[in-house]
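Chemist: This is what each chain is made of:
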Amino acid sequence: MKVGLLTPGSVNDNGWNAIAYEGLQQIHRQLGAQISYQETKTPAEFEEGFQSYGAKGFDLAFGHGFEFQDAALKAGAQYPKTVFITTSGKSVAPNVSPMVFELEQATYLLGIIAARESKSGKAGLVGGIKLPSIDSTFLAFKAGAHSVNPRFEVKEVYTGNFDDLGAARLATLSLINAGCDFIFHQANEAGRGVFQACTERKVRCFGSNKNQNDLAPDVIVASAVLDVPKAFVYMAKLVRDKQFRPQVYWLGMKEGIVSLAWNDRLEPTISPATVEEVADVEKQIRDGKLEVPRGKF
Amino acid sequence: MIEMIIQSLPLAIFASVPLLLAVEGELVAERAGMINLGIEGMMLTAAMTAVFAAQISGSIIAGLFGGIAGALAVAAIFGFFSIRLKADQIVTGTAINLLALGLTGFVYREMQQSAIFVRSVPHVGAAAENAIAIVSWIVIPILLSLMLWMTAFGLRLRACGEYPRAVAASGPSVAMHRWAALVIEAVLVGAAGADLSLALSSGFAENMTSGRGFIALSIVIFGRWKTRGILLGTAVFGIAAALQYALQAMNQSLQFHLLLAIPYVVTLLILCGIAGKVRAPESLGRDA
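Just so you know, the sequences run in chain order S and C. Read in order, the letters of the first sequence are residues 1 to 297 in the numbering used here. Read in order, the letters of the second sequence are residues 298 to 585 in the numbering used here.
Accuracy of the hints is not assured; some may be wrong.
[To be verified] Which bits of chain S does chain C cover? Going by a derived footprint, with three or more residues having C-beta under 8 Å, they are:
hint, stretch
1, 147-158
2, 175-184
[Claimed, not checked] Incomplete in silico selection of chain C near chain S, CB under 8 Å:
hint, residue
3, 308
4, 406
5, 505
6, 547
7, 553
8, 578
9, 580
[Said to hold, decoys possible] Take a look, some chain S residues computed to stay more than 10 Å from chain C by CB distance:
hint, residue
10, 28
11, 192
12, 233
Keep in mind the hints are simulated off the structure, nothing from the lab. Nothing here was measured: the structure is a model prediction, and the numbers come from that model. No residue lacks a Cβ here, since even glycine has one placed at the ideal position from N, Cα and C.
Use the sequences and the hints to build the structure in full.
Modeler: Next up, the structure:
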């Protein structure tokens, strides 16, 4: 089996691209596939990259971002024996599909925890830039909170970037001053500023994307975790086992890509009823009985 | 509303310390006739070297000196090109910014897994943060004013910014005075970087200065190259920055993009409204 990956940036970025490269390496380790990756910057390079994998008879080629959709459709028509997968997106063709991560399922649960455990009746959200994917996780957080308490107040603050830890701390302190006693962030690197503010004011908060519980073990109650490498392996297994069907692949809790990670140290401070309720809702999501709202993008 | 302002005020005071220290440093440099556009890169470098020093020694004081050392290294590059080789200051400063952003980013990515960036940095407590704010807002401005306007050294320094040939004709070396101003700037900007990564935030992040150096440059201009002016400019910017987060937290219907622009707009308006002709040091940006 031969698997290729196109990334829009350096695989050493310790973020979006690094995590895709980690997925590619796990495909190599777990499935013994021959792997290759290319860093591509422009739409022309996306096409060349996909075409090179198609021409070399690769079984599977990933394009790591919604911007790879057009190139995937074009190369897909040229090389019908190769499966082209884009990370997020909508475009589907007989051998082209997007995989979409449903982190919203976990942030919905965080919303429930906040609404149940908050004493002030207010939670705060700190965002870096208002990207559709970030907005969507906030939307689900609010929906989760409102599902148990329609009058629960959720305040939103954006800092305008993902680098400025000081600004994220300032934004968080403003939310705490406004009465929020639970904070959730989508500020990537600047999230450390959020945890600093929560630690100094002893306000409980949540981690995002990765299991961040160790970054501030005294205040982070739980993290919404997204396991991107596992998603890559999941798709590679489908292609290997000839189980691939052209469709949008929603990858969430059911597939084990998204999960809620409690901080063992703080879980005892949460009421058992809440823990039970969250486990119950999680099961409903896993069984497909509950559909978590998400933004349209 | 009043309550919101009262709550935001303490946040503004300590959150604008890195900006304030940078503004104070740039004031000295510009008074001596140098525009250091590389101040952003200088602060970013200092933020990183401060983390290195603090992590290796386990002490925040060492972190402060580490930050100053990093800023001094950048100042040495700037001074070598702009004072010694008389290269264009704007070009040199721009190059320094690109160099610093690239270099710190490279080091950070390469050492991502090392203990220096993984382990949490030594903690600056609330009391220490207040002390830093008092020093930055009160002690340093007084010292700088005394130095610039009450001493012979300060007079010669300002003369280097106004009419360097007169300084040279009367004996003292313009280059030495500009080097001295650059060292003072590096100490202050180094402290700004250290405060940014060790007090205001906990650790280094790529491009974590996010434009503070450039804002410092404009505040020095808007502050009319005067201590009072730059203090007012920084205060207005800092309070507006803290206040807009409080506004965001309070009002969900307002566009946050507009709120994020408030500090810039308010600072611009207030400082433009203050009477007084803008008069830059006559030889600012020119070689001696």
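Chemist: Report the numbers of all earlier hints that the structure fails to satisfy, in ascending order.
Modeler: 8, 9 and 11
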